[in-house]
Amino acid sequence: MGKIPVHSPARAVTTAALMVAGLITTALLSSLAAPTARATSVQHFGTAQLTELSDTIVRGTVTKVEARLHPEHQFIYTYVTVRVDEPLKGLVTAGSEIVFQELGGRVDRTIHHVPGVPDYREGEQVVSFLENHVGGFYRTFGMIQGKFSVATDPRNGREILTRPAEWNDVALAQLGSVSDLSPMRPDASYDSAEMLSAIREWTRR
Amino acid sequence: MNSMSMLRRVRWGLVAVFAALISSPMQASAYVLIDPPNAWGKPDLPVDWHLNQTINDPSITNEYQIIRESFLVWSAVAGVDLSFLEGAASTFCGLAQNQQNHVSVEDCNNQCTGGCLAVTSTVLFATGDGFWNSNTVADTLLLARQESDITYNKTTNWGDSQTWTPCAGEFDMRGVSVHEMGHFIGLGHSATAAATMFASVAVCDGSKASLHADDNRGARVLYRNGDEIAVTSLTAGNATLGVTNKGNLGYTGPGGKWGASFQWTPLGAAEHLFECAFGVGSVGGAVSDNFRGDAITGGDADLQQASVLTVSAPGPLTDEQAEATFDDSRAESPYGLTIITRAYAENSAPNDDFVITEYVLVNTSGGALSNVRAGLFADVDFNNEYAQNSVNYDAANSLAYVSTPNTAALFGIAVLNSEGAAAMRALFATSTNAGENFTDANKQTWWSAGFERTTLGPADIALMINTGDFDIAPGDSAFAAFALLGGSNLADLQANAAAARDLYLNTISGGTTAVGDGRVVLPLAELAASRPNPFTSSTRMEWTVLTPGRVTVEVIDAGGRVVSTVFDGVQAKGLHGMNWDGTNGHGDRLPSGVYFSRLRTADGNQTRKVILTR
Chain X
109 MGKIPVHSPA RAVTTAALMV AGLITTALLS SLAAPTARAT SVQHFGTAQL TELSDTIVRG
169 TVTKVEARLH PEHQFIYTYV TVRVDEPLKG LVTAGSEIVF QELGGRVDRT IHHVPGVPDY
229 REGEQVVSFL ENHVGGFYRT FGMIQGKFSV ATDPRNGREI LTRPAEWNDV ALAQLGSVSD
289 LSPMRPDASY DSAEMLSAIR EWTRR
Chain Z
74 MNSMSMLRRV RWGLVAVFAA LISSPMQASA YVLIDPPNAW GKPDLPVDWH LNQTINDPSI
134 TNEYQIIRES FLVWSAVAGV DLSFLEGAAS TFCGLAQNQQ NHVSVEDCNN QCTGGCLAVT
194 STVLFATGDG FWNSNTVADT LLLARQESDI TYNKTTNWGD SQTWTPCAGE FDMRGVSVHE
254 MGHFIGLGHS ATAAATMFAS VAVCDGSKAS LHADDNRGAR VLYRNGDEIA VTSLTAGNAT
314 LGVTNKGNLG YTGPGGKWGA SFQWTPLGAA EHLFECAFGV GSVGGAVSDN FRGDAITGGD
374 ADLQQASVLT VSAPGPLTDE QAEATFDDSR AESPYGLTII TRAYAENSAP NDDFVITEYV
434 LVNTSGGALS NVRAGLFADV DFNNEYAQNS VNYDAANSLA YVSTPNTAAL FGIAVLNSEG
494 AAAMRALFAT STNAGENFTD ANKQTWWSAG FERTTLGPAD IALMINTGDF DIAPGDSAFA
554 AFALLGGSNL ADLQANAAAA RDLYLNTISG GTTAVGDGRV VLPLAELAAS RPNPFTSSTR
614 MEWTVLTPGR VTVEVIDAGG RVVSTVFDGV QAKGLHGMNW DGTNGHGDRL PSGVYFSRLR
674 TADGNQTRKV ILTR
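Those protein sequences? They're chains X and Z, same order as listed.
This note's numbering puts the first residue of the first sequence at 109, with every later residue one more than the last.
This note's numbering puts the first residue of the second sequence at 74, with every later residue one more than the last.
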């Protein structure tokens, strides 16, 4: 069976279906390392579940990150503007800009710290699984597990998708069986082409 | 202290503070502090919090009760000074900055969505000019914790009844709540899978509602109580040694300077120990120790003091003596050992170049302990030339010693008890050398490895030396003793080690009551000297109970008559104390004179002199 992580020495993905199966398998099996940090309890979703449950999935480029105090909530949110390079799911179009509203951030000297929230940086290329949130905003689905960064594998130059370093910051609470419960590997990375192909295939079902 | 030593200490402090700020947990610990590190300060205690009860929904009564009880789980951790006070019901809901810590069962502002079960936010105020993002904290950024809120996702399929038992499809709200309260107090996620603060919780997993030892340990790092280390220095003849009531013999890193380190008159005021700490552990097992441990770095802090530190000069056996009791109850896997530590110093030759430290390992675990070793870790900065020190080992004398190029003099640590050294290892003092991190795992390996590397340097060095192996039956005890000594050359150092061994085996050890195979019957309770003494209006009497049971503390006069009963009742293991105001049982002021405090337990009596002056 094809394995998605690029660390696998032998990948032999032949069909999209196999890729989806590989994603699911990887999501279930690739998390044996000890986690590291921080707060928040969130359900743990495999990648296939993320694909199914997210309202919107995009590959895009972060063009602006700004934290603001919400006057009604008296809470700081970080607003992340992303130019959609490729819509993968949902009613968004390539070239459009959408805004994520993420919990927490820093305004002047005040920090509202909500661990488990993904960190976006201007210029960063991402693949994000999103929920359509209130007020026309989007929010990363499953908190930190719903964001992948686009990077290049220095060993072979191939494009990969990586979880942010804070991936294990989330307290993972899973709906599935006991075998599903381990957190993902902190260095989990995926071949970008295979991952995106699998997502496309999954969303067509 | 010379400039190099000072520089090193400053450098150490900066590194440690920065390490704390970026919340890189020492590998020795599984618990993790939240990033950026912050906790409630003592002025914040009790931490007030408020339930959002704007929604009058009787269906969530159980959830409110679970939240209340979840706070109490953390305040009940032994050795922790942490308390909470529930205030009036709040109208605030969700995560919001409003100068109030509030907990909302209802996610009013849609902040816990997308698979979120519960979320904790903390409001921090940056008082420094550094920066922070989710990965990096600048070392100039100082943070003040102002508020923390928790919000639950009410739509979760919660197992939230008081009598909930794991069942399909439900999350244990109690376990999730205790976990969130852990974040509320400043803990991150533990690497220990069984810990409540581990990153994952499973459907139907009801195990997280009770704290694991690792959770307790993390809480103690942030909120330890009763942990005001007691420090004194024994000075006799040429040698001075700082001693404490928790096994540390010197410490000059972050968190303060403890005692006089080890000084030896021929080398002036140079402090030759950067850090030295006692450890105990079985062959192949974990080591309970305080080396590289303090609240700032989150390192090892396995040993908990169980008594005051008493000093007597002259002492019963030598010119100066100190004594204290501690245990390894803070270790992740405690052995159940209570350790009575004593230090002995003599004023005159040939015993004036060393201080002896003795450790009585009392097995209070209830079971047998086998292959136990006791020893010392020491980061030595001999003659303030820390970068040029070299370690060597004299097997014939169980003597580890340190030299430096600019003097022929030496510093040494010798095992004095008849078992001799069981393991010795020369170490790099800094983690810049691969494999020399003082992790739990490395300590455990070194502890059991024998004599794999006994020479090292010139470098910034440390060393470990232990003795054993001891098999200790329940209630029984074993003795380990070491001399910290100076010498003008190797022959002189060896002669001083021999003198220390002679003093220990023939005077100190011989002054106790040996039975059977050399182990000693110990008092199972200890009465400390009253303080102040002499006294006029009131004096404090403290005693340590090692075996729970009936305890009586009374004052008797010079004629042997009981004039006052300070305490009479059943007490648990631990340190206890009462004040005595110099009156008899009728409240009448007693006249000036010599009296005696007497501790009586089922295991024996102990008496101390106390002088009343009017």
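Since the hints were made in silico from the structure, they are not lab data.
All figures in this text were calculated on a predicted structure; none of them were measured in a lab.
Be careful, since some hints might not be right.
Cβ-Cβ distance ranges computed for the label pairs, FRET-style [what the hints assert, rightly or not]:
(1) X/ARG313 with Z/PHE198: 47 to 53 angstroms
(2) X/ARG176 with Z/ASN230: 52 to 58 angstroms
(3) X/GLU180 with Z/GLY160: 35 to 41 angstroms
Not the full set, but computed from the structure, chain Z residues with beta-carbon under 8 angstroms of chain X [as the list claims (entries may be wrong)]:
(4) ASN171
(5) LEU197
(6) PRO607
(7) PHE608
Yeah, the Cβ is synthetic: ideal placement off N, Cα and C, and Gly gets one too.
Open item on the list: Need the list of violated hint numbers for this structure, in ascending order.
Closed with: Hints 2, 3, 6 and 7 not satisfied by this model.
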